[in-house]
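Enquirer: Read off the chains here:
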Amino acid sequence: MKRRSFLKYSGAAAAWAGFQFKGFSINPAPQLPFLQALAAGGNPNDRILVLIQLNGGNDGLNTFIPLDQYDKLANLRSNVLIPENSVLSLTGTIVNGLHPAMTHLRDMYNNGLVSVVQNVGYPNQDYSHFRSTDIWMSASDSDQLLETGWAGRYLQSQHPAFPDGYPNPDNPDPLAIQIGSFVSLALMGNTVPMGMAISDPTAYYEFVNDIVEPAPDTPYGDELEFIRLVAQQAQVYYQSIKGAADVGQNLSALYPASGENYLADQLRIVAQLISGGLKTPIYIVSLDGFDTHSDQVDGNFSTTEGIHAELLRKVSEAIGAFQDDLKLLGVDERVAGFTFSEFGRTIASNASLGTDHGAAAPLFAFGKNVIPGIIGDNPQIPDNPFASADLPMQHDFRSVYASALQDWFGIANPESILNYQFPILPIFKAASSGSTVLDTARVHVSNFPNPFHHATTFTFTTDGGRVSIDLLDMSGRVLQTIVEGTYPAGTHRVTFSRSDLRPGHYFYSIKVNGATVTKKLLVI
Amino acid sequence: MADLSISRRDFFHQFLPAEEGVRVERIAPEPADLTAAHFPESEFTLSGDLTPYSGPWGPEQAAHLLRRVTFGVKKSQLDQLVALGSAEAAVDFVLDVPQTPPAPPVNNYNNPQANPPYIDPAVPLGQAWVNAPYNLDFEGVRIESWRGWWLDRMLHSEANIQEKMTLFWHNHFATRTDAAFFGRFSYLYNATLRQHALGNFREFVKAVTLDPCMLVFLNGFLNSVAAPDENYARELQELFTVGKDSPVTYSEDDVVAAARVLTGWRINFANATTYFDPNAHDTGFKVFSGYYNNTVIQGSSNGEQELDALLAMIFQKEDVAKFICRKIYRFFLYYKIDATIETDIIEPLAQIFRDNNYEIRPVMAALLNSEHFFDAYNKGCFIKTPLDLVLGVLRNFNKEIPTPTPLDEYTLRLQINYFCGGMQLLPGDPPNVAGWQAFRQSPTYYRDWINADTMRNRNLLTDLLSFAVLAGNADLQLDHVAFAAQFPNPGDPNLLIDDTLRILLPMEVSAAKKQFLKSILLSNQSNDFYWTAAWLAYVANPGNQMAYQTVWFRLASMHKYIMNLAEYQLA
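Residue numbers (our numbering), protein chains in the order written: chain A, 86 to 609; chain B, 0 to 570.
It should be emphasised that the hints constitute simulated quantities derived from the structure, not laboratory data. Cβ coordinates follow ideal geometry from the N, Cα and C atoms, glycine included. One thing to keep in mind: the hints can contain errors.
These stretches of chain A come out as covered by chain B in the derived footprint (C-beta under 8 angstroms, 3 or more residues) [unchecked claim]: (1) 213-225; (2) 269-283; (3) 370-380.
Below, in silico cross-link-like pairs of lysine-lysine (DSS-like), each with a Cα-Cα straight-line distance of 25 angstroms or less [as the list claims (entries may be wrong)]: (4) A:K453 <-> A:K399; (5) A:K364 <-> A:K605; (6) A:K327 <-> B:K512; (7) B:K163 <-> B:K205; (8) B:K517 <-> A:K399; (9) B:K316 <-> B:K205.
Across the chosen pairs, the derived CB separations fall in these ranges [claimed, not checked]: (10) B:T531 <-> A:S437: 14 to 24 angstroms; (11) A:S437 <-> B:A532: 15 to 25 angstroms; (12) A:T542 <-> B:R439: 32 to 42 angstroms; (13) A:P467 <-> B:A532: 21 to 31 angstroms; (14) A:H539 <-> B:R152: 52 to 62 angstroms; (15) B:A88 <-> A:D302: 31 to 41 angstroms; (16) B:D78 <-> A:P467: 54 to 64 angstroms; (17) B:N431 <-> A:T576: 39 to 49 angstroms; (18) A:D383 <-> B:N543: 33 to 43 angstroms; (19) A:T566 <-> B:Q440: 35 to 45 angstroms; (20) A:D383 <-> B:G542: 41 to 51 angstroms; (21) B:L494 <-> A:A159: 41 to 51 angstroms; (22) A:H539 <-> B:F268: 52 to 62 angstroms.
For reference, chain B alone in the conformation it holds in the complex:
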């Protein structure tokens, strides 16, 4: 992977807040005493196959589906999926993503109070900035505005897979904001991911190849007959399509040949479009290796035709479908793929992918609606990404990011994004073109999210959101009472705990643990009625602060406890 001429780290550092100590990216993580690498590899992999699921359909199954296709269970969405009556209907539902692109991010970053005032001259407050011309002074805040907009979309995702799928493809077709440092390009790149997320994978690859953000990130826009650049040609094969899982794969000559095919693509920065410059294109014959059946792509002055030929050649390889299916599997189910999973899941799934002309949706439907996906043995083993954790807390508690002013909205979203960044996942800026380690780094995978430092921050986050009354951020506090009130029997401590755990934890916990949770609600008294009385007293007079605090503190303590459990880190 060739790097950009300017070190990304240095580049990013120069516009980081100097004092706040926020780190965007952990280039070399501090070693924890116990790293995932030292943890013995276990023999556990998931069980079952792609047979359509025919078992019971209820809250347990629906919650599992929501945990994997959104960033956290919301009770309203759980009810929505349960009501659909079957796994098949629910999977259909979650794959029916909105076709209309979301409204673009707007200027929420103007700050007239700043000295000197900080006002984007090209974009009024509240107006979309995504068509504004490049302005170095404002690209930083536009990028953060975009990142915040994306975060908000993930937080508010409906009961469908759109946002998780978009993040999946971001991890797959990874780019970083610092390459172009142009908010408009970041936005267009994100729009490309959304547009094709469940569409045709071959068309997707073509769109990404010509995406301005990607063209800058992997130097495609500099690739010319006079100075061929292999960067994109390599990643196209190694990371985006055929992969290097198979012992027999593409050769270095194939990288060179593909790079020559891809010469001549240029960017019009003024209108953010890609165009083909025949003068920069290599018109010679491109000859590929035996891996590609010694395909020859005729030289021409038609860059798009040659690109189509290149993709047609690549998509002849069965490795493409298998490679993508493994990545989907590792993102949505579990990271361990052994011989059985390869045979029972990956290969038939790849066959579905090829049989459906590389349409993505049938693959997702087959996987999510399988016995394998819903097998009890397979649940709860996904270690939450920082986004799953942070957005998950907010989603579990139906919490919005408060937006009293546009600038507050901007600032809070930025802080949450960088909080996730501190825990190693900043949306928009994966560590490099291979995406986040946790989805590719054997043998540790998901466990890379967890170390002494990130665990501290994970627990701190849920503690803070449970209790913190920090000045200026009070509105981020979770509404513990409203959370309980959404259940049918909040006055019954046993039913309340069952309903609460169904939202918050991926698996049943022991009776002893439930008993302990009840002791929190009961302040260690033994009579269930004391909780019931406290709840009824609150319901009878919701405006009474005493009655409110009595139930609030006990619920907050219980919720904090549950979210401190290691189980809460799993989905």
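With the rest of the complex left out, here is chain A:
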């Protein structure tokens, strides 16, 4: 029977079958209390980035108002302009202010929790919502077609084999979660999306909130309910997400009532999942409605009210409550976020009390470990622009991504993800500079062989100082100390003999360079 050998020759395409069967027949990782404790204790390298998409193109000039340009703006957009005395002032600047609806964000700014990046956009603006959104999501040039997303490429670089073999004990949780919608292009990896949408039909949003659309009282409805139940179970990440949602909580009193602020509802779930120990590094949330061609402001009332004011109030209130929650939950060291929108809007307003598709706009980054302040200059408003003129870009949006990749996630070469080198902006405190943020990337430890029968050799690198390696059982108890002492800077090897250790799964925990890393060990 030559069939077996024949199949081997049949080449690359066999990967298809192998991929399907091997990768996805793996059982969900066991939820060991010990592993959860490790997660909850906060592996300090587990930094999380929350992307807040403002759908439709946000009017930056009415959001982060350049007060030194006020007179020119008054000429060009008087019917939507915020009265100067209503603009919220900010500590440390007299030329910038916030829309009066953004009191929470004002408070965060004044408390050093916000970084504003001015005039973010890209060369050769494409004014289509769809195309411009795709450019932002894929981090492409204006005229370049990329079929993967920037966050997807980052995650794929960290998890080259995904989805084959995922989830697994080292990666029990989704690599990215998009709340409230389908998975956007930003998360597209080489073959499949790297993240999950939790309002997917098999839906974490529904799990988390226990909403199930009723099925009709027919044989169809009967079978539908059955499949839905099994589908929930089948979700590879169901256990980890449900588990995190079950033990996670929200502590902030600042969240508005559920249903009043869709963005706050989404961020509340993010905080809940983070507090529940989910190790997912990227979340995407979104708020729609920024395409304010008309009635951006309330014509009968005041330019401080209307659709745009309501949207900005929601953004400000949601981020404020989320940040408050993160602090109360004790996870604010690890979480940062930023807003983005596919484009800004025209300098001049139109006759319908609105603004049209523009180009650059400001972007807000927030979190305990952002470097507070304003990056860049106020836009210079021309005296007599043509009707549809918009703001030129000062910062390529990919500079923001590069900064997040390098400083927030500790990627040495963001250009490998973004295809070009972009200037790194001082938005995020680098992983190594934060006082309690430890650099496990600098902990190099391995052991060989693993699994082992007689003995295994640990190899570790230190900058010099105390090093300890403990052997732990599956419940996290220290069985013995393998290494304990002061080592000079350099790479060291220590061989460990098994002696009377029974076959089975163990962990070892190494403390070096002020960081702790725990890895698995198998004795056979």
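Using the hints provided, position chain B relative to the given structure of chain A.
Expert: Positioned in the frame of chain A, the structure of chain B alone reads:
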């Protein structure tokens, strides 16, 4: 059910790819936390009776018919059936299956790049291998070539019932490829199923009884006066004809007597024919029980005459017609048969079967053209088999299996077959002679297809086909834009979603769900015109990659979402 001397599992394992982890058959499925068995039995059964359907005829009805008689709706075939104007005409149409046998499978498995080269010495590339002599080294690939050929026929089935009916009879007269391990026999067996699929059931049973594949599978070719083998005689009654649904049924003595009638049939392996060896035949009297009115079959040296007498006796029993009608019902409509269905559907259908001298087509016509079949209450309750799902995706999107080279064709078909096998349905290899559990195992039936593992693979498949750009398989990606372009108003998001759902889902979904689907097309913008503009931009300049990707990604996302819905698992 006596088994073969060699365990089928062991036998199959030895020629499975060692590393790829492909499993042909799940002997003992991993238990899911929630198995169908734990799901409460509901009281829902279908409603209506066999009165010819007289309601409206349109896309909804035609799509329902196509979902049940093919492996998935194609828009062109939907239009074809709608244009026929009535259910009666459409049912006639789907039952008019081609009489000419399809061209046989060919050598698409030669691999000169292999080391050592893998070249069938008896069959040139591209030539039919079905008359080639047995060659152990090549039977494995010939069987896979045949299985792939069959898969391709199912994928390409016209708007008629031929392929579904063939699979139905494969499930009914089940055999496995590993019994004879002879590709030629598998092909001939399949040809027998095709030839009789809508013909006369009594002639069908006779043909299957003498089919070489079946003779090997159930040991008929070893059955002799000196060493009678009851295997086929038992299944002939228990699984193929009278069944064991009735409290009064055949006896063990009837199995023995039938086995004696069936002694003496032998196979000429060289020319793949069956012949009768009088020396191996039991020439004594065969006496049957009261169930068969104490029939006595005279001993003789004429095996065929005795077989005819045996079948004549069996076909006297009304149980035959009822048993077959129940199986048809469970395969094409729904698995639940309660007292009402038995009285209103099964019994009158069985009467039609008997009144028509066991012709199959009138039974199918009566069932498919009934009020019962088209009742709105009865739609959408068929859980797709793995074939309905996998081939259904490809059919919905008018997707061919790409065949740049014969070997690619062979390999891709093989992979798809084994993907279905991983989800518990490998055509050609049902778990045993009783066929697949989902069509017989009370109370779970169809629900046996669905567990945590298979659901994962079902969703993964549609995700992969929606997006995957796997090296070497890129051509399997669904053409989302062409799918939308086949509708009359793809630029109108509301009409596009309605047209899309009519192809992809068996039932209407809520307005809220449609609204959500539209939000995908609109990237969460609120103005329908943005989609329209994006579509028009693409149509105005179809070669522009930007314009193409703009509509492609949104359509792909929406299609993936729809196919992730539990509703997509239903037909």
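Enquirer: Run every hint past the structure and note whether it holds.
Expert: Tested hints:
no., hint, in the structure
1, 213-225, "holds (count 6)"
2, 269-283, "holds (count 6)"
3, 370-380, "holds (count 4)"
4, A:K453 <-> A:K399, "holds, 21 angstroms"
5, A:K364 <-> A:K605, "holds, 18 angstroms"
6, A:K327 <-> B:K512, "holds, 24 angstroms"
7, B:K163 <-> B:K205, "holds, 22 angstroms"
8, B:K517 <-> A:K399, "holds, 24 angstroms"
9, B:K316 <-> B:K205, "holds, 16 angstroms"
10, B:T531 <-> A:S437: 14 to 24 angstroms, "holds, 21 angstroms"
11, A:S437 <-> B:A532: 15 to 25 angstroms, "holds, 19 angstroms"
12, A:T542 <-> B:R439: 32 to 42 angstroms, "violated, 58 angstroms"
13, A:P467 <-> B:A532: 21 to 31 angstroms, "holds, 29 angstroms"
14, A:H539 <-> B:R152: 52 to 62 angstroms, "holds, 58 angstroms"
15, B:A88 <-> A:D302: 31 to 41 angstroms, "holds, 33 angstroms"
16, B:D78 <-> A:P467: 54 to 64 angstroms, "holds, 57 angstroms"
17, B:N431 <-> A:T576: 39 to 49 angstroms, "violated, 60 angstroms"
18, A:D383 <-> B:N543: 33 to 43 angstroms, "holds, 40 angstroms"
19, A:T566 <-> B:Q440: 35 to 45 angstroms, "violated, 56 angstroms"
20, A:D383 <-> B:G542: 41 to 51 angstroms, "holds, 46 angstroms"
21, B:L494 <-> A:A159: 41 to 51 angstroms, "holds, 46 angstroms"
22, A:H539 <-> B:F268: 52 to 62 angstroms, "holds, 56 angstroms"
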